[in-house]
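Using the sequences and the accompanying hints, generate a full structural model.
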Amino acid sequence: GAVVSQHPSWVICKSGTSVKIECRSLDFQATTMFWYRQFPKQSLMLMATSNEGSKATYEQGVEKDKFLINHASLTLSTLTVTSAHPEDSSFYICSASLGQATNEKLFFGSGTQLSVL
Amino acid sequence: DAKTTQPNSMESNEEEPVHLPCNHSTISGTDYIHWYRQLPSQGPEYVIHGLTSNVNNRMASLAIAEDRKSSTLILHRATLRDAAVYYCILRRNTGFQKLVFGTGTRLLVSP
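So the protein sequences, as listed, match chains A and B. So for the first sequence, my numbering puts the first residue at 1; every next one is plus one. So for the second sequence, my numbering puts the first residue at 118; every next one is plus one.
No lab work stands behind these hints, which were simulated from the structure alone. It should be emphasised that the depicted structure is a prediction, and the values quoted were computed from it without experimental measurement. No false leads were mixed into what you were given.
Simulated restraints, written as ranges between beta carbons of each label pair:
no. : chain 1 : residue 1 : chain 2 : residue 2 : range
1   : B       : Leu156    : A       : Ile12     : 15 to 25 angstroms
2   : A       : Ser9      : B       : Ser126    : 26 to 36 angstroms
3   : A       : Phe28     : B       : Pro157    : 23 to 33 angstroms
Derived coverage of chain A by chain B (criterion: at least 3 residues anywhere in the stretch with Cβ under 8 angstroms from a Cβ of chain B; other residues may be distant):
no. : stretch
4   : 36-48
5   : 106-113
Quick reminder that beta carbons are idealized off the backbone N, C-alpha and C, glycines included.
Shown next, in the form of structure tokens:
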């Protein structure tokens, strides 16, 4: 089946630094990828929709200047958390689907645990 | 976004069948019903999806009510590895067909 690879699995950084998370579709092309964040014991919250070759679409309340998304190719999307602060500590997850139809399933990365000191 | 309602948690014994309910009374005609599950510290994984007819795959079965306002995910024989949070989601044909997660059902499986 289709595989989505997310890297790194975990990262610890100092407050004020920026962190980049990569999401790759290994064996298929993904026009659209999605980025989620998840706090402990809570559900996934959709942050943004990443579209290859165009600007990302952010959900209400998500700061686009804080969470920079780049979808430079059909197999790679990156999320950069800029000037990270402890409240940005969370589990970040990306996903992609083979197509855009509603009957297409999504494949998820294994997630990135970000801890900001 | 179309809302789904699931029980917060359910318990089962190993080797027994599990029926996980989901209510989606505001479903529209073109919404697909998707189920995903998330094991601890992992990204979600696809379980099954359907539109109107019941669906079976190697992981589970999906029973969809005739009026489509509810569905049930069926695990035929629960194992300890099935302990996870199960999410019932409607994927609608708007806004890049994004998946918006609800609170899900935490399934506990006892040996």
